[in-house]
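Going line by line, the protein sequences match chains H and A.
If you count the first sequence from 1, position 514 lands on 514 in my numbering, and the numbers rise without skipping.
If you count the second sequence from 1, position 162 lands on 162 in my numbering, and the numbers rise without skipping.
Note that these hints are calculated values from the structure, not bench results.
Among the hints, a few may not be true.
[Stated by the list, open to error] Below are the SDA-like pairs computed for lysine to any residue, each with C-alpha atoms no more than 20 Å apart in a straight line:
| no. | chain 1 | residue 1 | chain 2 | residue 2 |
| --- | --- | --- | --- | --- |
| 1 | H | K192 | A | L65 |
| 2 | A | K196 | H | H62 |
| 3 | H | K196 | A | E188 |
| 4 | H | K172 | H | H62 |
| 5 | A | K123 | A | Q73 |
| 6 | A | K196 | H | I8 |
| 7 | A | K196 | H | S81 |
| 8 | A | K75 | H | H200 |
| 9 | H | K251 | A | N195 |
| 10 | H | K189 | A | E89 |
| 11 | H | K12 | A | L66 |
| 12 | H | K251 | A | I74 |
| 13 | H | K192 | A | T63 |
| 14 | H | K192 | A | D60 |
| 15 | H | K192 | A | W98 |
| 16 | H | K251 | A | E89 |
| 17 | H | K601 | H | I549 |
| 18 | A | K196 | H | R55 |
| 19 | H | K196 | A | F96 |
| 20 | H | K196 | A | D60 |
| 21 | H | K251 | A | W98 |
| 22 | H | K251 | A | E45 |
| 23 | H | K12 | A | D197 |
| 24 | H | K805 | H | A835 |
| 25 | H | K251 | A | W182 |
| 26 | A | K178 | H | R77 |
| 27 | H | K196 | A | I74 |
| 28 | H | K192 | A | D197 |
| 29 | H | K251 | A | L51 |
| 30 | H | K196 | A | L51 |
| 31 | A | K178 | H | S81 |
[To be verified] Chain H residues, not near chain A, derived (Cβ > 10 Å throughout):
| no. | residue |
| --- | --- |
| 32 | D254 |
| 33 | L614 |
| 34 | P691 |
| 35 | E739 |
These numbers come from a predicted model, not from an experiment.
Glycine is no exception: its CB is placed at the ideal position from the N, C-alpha and C atoms.
Each chain, letter by letter, is given below.
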Amino acid sequence: MSAFSTDILLEKAGGIDALQDVAKQAKVVLAKTILKRIADHNDSTSLQLEPEQVRRLEDALHLSELRVLDLSRAWQRDSRSKEGLELRKFASIAFDIRRVLLMGETEDERVKNAIRLAAVGVLGDRSSDVRRWLNENAWTVPETDSKRDGANWPRLVLFNVANAFLRVVRKKDWGDLNEVARAINELRKNQKQYEKDYLHQENGIRQVAAIELVAFYQLARAVEMLGMFVGSGNPKTALDDVDFHFSRAIKAADSAGIVELSLLLHWMNMASVSMIRATVWYQLAAYNSKMTDFKKALTDEKQTHPMFELLPPQREAIQEVMHTGNRAVVVEMPTSSGKTLLAEFRIIQTKVNVVNAWVVYLVPTRALVNQVTIRLRRDLEPLGIKIEQATPAYELDGLEEELLTAQDSFDVLVTTPEKLDLLIRSDKTQRQGKERPLGLVILDEAHNICDGERGLRSELVLSMINRESPDTHFLLLTPFVPNAHELATWLDSERSKSITPSLSINWQPNDRLLALVYPRGRGSVWSLEMKPLHVSRPQQTPISFDERIVIDKERTREETFSKAKNSKINVAVYAAETLSRRGVSVVLAYSPADCWKLAGKLAEKFPEKTSEKLSLVCDFAASEYGDDFALCDLLKKGVGVHHAGISPEVRALLEWLMEEGEMSTLVATSTLAQGVNFPISNVILSTNSKPVKYGVNWSREKLRTDEFWNIAGRAGRLFQETLGLVVFASQTADDAEIEDYVNSNVIELASALEHMIEETVAKGWDLDLRRLVHNDSKWSGFVQYLAHSYRKIGDHEQFITDTEKLLKRTYAYHRLREHQPEMAEQLIESTRIYAQQLSNLPAGVLTLVDSTGFSPESIMDLLKDKSSFSLSAENWSPSRLFQAGGEAMRGLVGTLLKIPEMSIPTAGSGDGKYVADILDMWVNGKTLREIANRHFADVDDIQKRLTDCCRMIYQTLTHQGSWGFGALQAMSGLVDAEIDANDKDAIRFVPSMIYFGVPTVEAVLMRSLGVPRSVSVNLGEQFVKNDNAEEKLPRIQKARSWLENSSSEVWQSAAKQAGVKMNGKRLQQAWRIITGKGI
Amino acid sequence: MTWKIEYTKTKDNIYVGGYSSTDAYCRMYFSSRVSSKIAESDGTEHLKAHLTEMLNTGFDTSTLLLQVSESPQIKDWEVGEAFAEVVLEDEHEVMFPWETGWDKRSSKASLPGPDILGLQSKKKPRFVFGQVKSSSEKHVPPQVVNSGRDCLREQMRQLCHSFADRQQLLEWLLLRMKGTEWEPVFNEALRRYANKDYWLSGILVSGGRSANEKDLSSICVGIGHEADDGEISLLAYYLPFERSEWPKLLTDRKETL
């Protein structure tokens, strides 16, 4: 253990802890500066520091940098050594401090300090921060004019090289990289002209001036090569070449004793090596040609944010993720640290290794399915990898069947766990005997596995796949949870890996500040103040300090102080108004009603604005909801709402408006806030609770810790906003409850099933599965898993023998065996008893379990009442079924109401007429407005009426209705009935028609491709007319290419025929936006 | 070497000293010590070596090569610097364990810095940072001492108060000394430095005029040195020859031989 020269100095100063404290102080300065800018309405205000404070910062800076240099040789030998890691920490400290110190009084000083800032930033794994700094501040290197500046040749060289170097660090786009080449070539052009006179005048016997120039030219070449490699990955020897030129430059500078230059060279050298190693080229050098294509696609000129380098957590995880010896990999990374990219790499890897394999990408909510599909398509389609989404509708329709069984129809399927469950259980993914291997299952937001029914479903579908398909690999992506390794070993006890980026455990995409916001004053004169909250997390600690800061200065206001603090909603409104000065905000509200209220009040404070984009979205919303729908007025003020009462299409359009900078604030409920995927600067919480449904009742619960941090993690994103603000609207200057809340620990990820078992045992009940299912439909998922396995195993004795093996596949059992073995034993026993009951079931019931998604108990109950849903084939046909006032429909709904797994709301006479009528209108193309006016007429307030109607339809009816009808079809044995093929087709589409709200097969096809309801029928007809029946491709693929190539005339004529108010061309634009194609 | 002390005093926490010697002695000093110091610091061989490695940079080397073949003229201020170094070595126990050849001090210099960087005393080593000014001016004090942005007073003030500047020197020294036989000496000096034990030295090499205390004492107050933070000395060496003669004096030896 060799000692370092700076050991003594470091000890004297109090060790690294003392220096990290100073770095924290620097961050506090940064935060206060930003807050001051908000309060002053001035983007360039800066904080005046006390000389004592400056001295302390400078001392710490000097020591940190000296330490970095002391460790540099060890770092060069092995950057992952203890010394290498320590170097990163000190460099990071140096960066934090440099960021808040003045850059210098002369141009020269500023340029050199910018280089140093960039270098320590890169070395400290703070590249994102450096890049943001370079974007947000004025460019330090002045423009040079060779004619004017040529007399001072070395200065000209320095400026040009500095310019180039900083561009490589920033690498915002190809503009930056092209500038590098330009700047260096500029120097070569001017060299002869200016060099001679300079040398004649300045160069003496020591040849210092000459040698200095040599050093500069070597530096220039190094930076030039650096820029080339970062952009293109060439030459492959770049690391050695760049290092060579730097070493020559340093050698020259040292031989002439040019101290400052020598040091700058050292810094730039180290930073360059770091940057080269971080590039996608370097990180993925070992892989095949498809990977090369991907790298090229990522760095392509046309990308808005070309990706030249991997983030520190990505770099740490990538090798393990790509290592195919790991069958189950759990990657723990914070929000916005680039998990999706890692998944994409793995997808490519899988496709290369097993060419006809398919991949499934699971997301927790339906809203995310579309978003993720768009993203994956954008990134992977250029490589020839086909992405499809499976609609979350429970039943499989003809389109999907085509898709799933056609040759090479898709490579990656994006869907929810519920849907995948069905696909796997109904064996639809097998193809005429030739099974297509499921290569990889990706589960995103895997921490949701502990969350209720949905979580349980995820767990069980993974268990099932794990058991039935030993060659399938798993990739789970989750934010930090304490027991990620348990998730990994659950799926594969031997060949598994949980990756917690320990080296980058403190890496975060942005700095964050959490605070209370509250009004202070009296009468009509008051201010808005902020109290930072202390959060003692082990990683990614937010900035905090013990001082209250005014963010909106005291002044006379329209509303009095007592009114302002009357409710958290009110306070949130003022907070949102103030923070709208910086970037985009999301305000969290408890419910849709609260969203409207808050948004309405906020909108009053903003001026009106008009734009093409806003009017497009307004028109679209108006066509669904009517002209007086409040959303339009809100949008004109730059405010949007995002909740279950807003249809998925309108929501997609709102997200687009936000990305385009047309909205300043989005008011959203929590589920939606979690799925938001665009840059936000501020998160404002008017509540930290969410409504949770139990059966038909709602209760108010606190957001889970990990849910909260997921939302808070959205504040501040990779390319913008150095500081993400997360504020709680508070009516008082202190709030102990919130302060505790933000300090609650993220608990271990447990299984939902585990909780259910614990609860049951705690209540003193038996684990009698049959009885439990009857009392609580939560258990349905689990018994279905057992039933499915029972069916697959096929032999009772074998099932009994294999019970433990079977249960071991579940995460619940995996954990119980470890932590509560007696309960694990009980579970085995209960399962065996249940198996006995399963063995007594009539033939065919188990198959129905798999094709309906109901428990055996529900199936048995249904079978007793078969007449209630046994319709003739004729009556199943859409044209008959969806007749207004049809008896058949009512009967079916009535049946569904009795099934425990269903949660269809009852109203009116309670016999299903209400729901049946709504479904009729919905499928037959009536607008939300029309349906709301007819069936929610008792709600006075029009906004609430529309909201409730939309919620009912999108949240419940489309999903439950399509699922339920599909299940009833399966139970009626229609599949085997003697019907004409075309009729059969139409009948099979009934569930999808309910899901999409259209009455024809072609319209369903259009809807699957994102076409708005209003023109789906007519566009569908157009497609059929133009379809080439000869082409043997799945209908959905043919329809997609037809749609993509369709002219606006086609849309216009369809819109006209449909009698839609909105112009067809604009509808087409809306469609392009919703499906991620952009206008 | 015998230098006559013309004046010494301590003013505003700064030691001020003026020295002179005989004409003969100075000549000999120049043609032997200073001359060999200059020869040591002839950068031509280095430059030649560096130029051979410039092959792949894409930059033109012809003008630079001229500097090699046409051996540039020795500048008079280079002589002044070399003189300062040898005098520090001979009279003040200073060591320069690495290549010396410092940044040019002209205002066009892109990276200005202290002229002197060394270690004093091997037994109790401490850092030495210094500035050198050469002058033949009759005026008291000479302009290079108290007039202009780059004058001695300003440079010493910088050295005295700017931790950042000294910091860089330390960083550079650290990198150079690491892994060499000098490392333990460096570590010791660093330790002393942390305890505010180091030496700042401002040297005036004056040609062709007599000693005058006011040459240096006039700038003491302007430097603003705190007593407990390092040691500062201002030293003036009064040579009998004008500055313009200095380069010639180096080669005198050959003539006398």
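Do the hints match the structure? See the list:
no. : hint            : result
1   : H:K192 / A:L65  : holds, 13 Å
2   : A:K196 / H:H62  : holds, 15 Å
3   : H:K196 / A:E188 : violated, 44 Å
4   : H:K172 / H:H62  : violated, 30 Å
5   : A:K123 / A:Q73  : violated, 39 Å
6   : A:K196 / H:I8   : holds, 14 Å
7   : A:K196 / H:S81  : violated, 34 Å
8   : A:K75 / H:H200  : holds, 11 Å
9   : H:K251 / A:N195 : violated, 32 Å
10  : H:K189 / A:E89  : violated, 45 Å
11  : H:K12 / A:L66   : violated, 52 Å
12  : H:K251 / A:I74  : violated, 23 Å
13  : H:K192 / A:T63  : holds, 8 Å
14  : H:K192 / A:D60  : holds, 7 Å
15  : H:K192 / A:W98  : violated, 32 Å
16  : H:K251 / A:E89  : violated, 25 Å
17  : H:K601 / H:I549 : violated, 25 Å
18  : A:K196 / H:R55  : holds, 16 Å
19  : H:K196 / A:F96  : violated, 32 Å
20  : H:K196 / A:D60  : holds, 12 Å
21  : H:K251 / A:W98  : holds, 13 Å
22  : H:K251 / A:E45  : holds, 13 Å
23  : H:K12 / A:D197  : holds, 16 Å
24  : H:K805 / H:A835 : holds, 14 Å
25  : H:K251 / A:W182 : holds, 19 Å
26  : A:K178 / H:R77  : holds, 15 Å
27  : H:K196 / A:I74  : holds, 17 Å
28  : H:K192 / A:D197 : violated, 47 Å
29  : H:K251 / A:L51  : holds, 12 Å
30  : H:K196 / A:L51  : holds, 16 Å
31  : A:K178 / H:S81  : holds, 19 Å
32  : D254            : violated, 7 Å
33  : L614            : holds, 52 Å
34  : P691            : holds, 58 Å
35  : E739            : holds, 40 Å
The structure fails hints 3, 4, 5, 7, 9, 10, 11, 12, 15, 16, 17, 19, 28, 32 (numbered hints given earlier, in ascending order).
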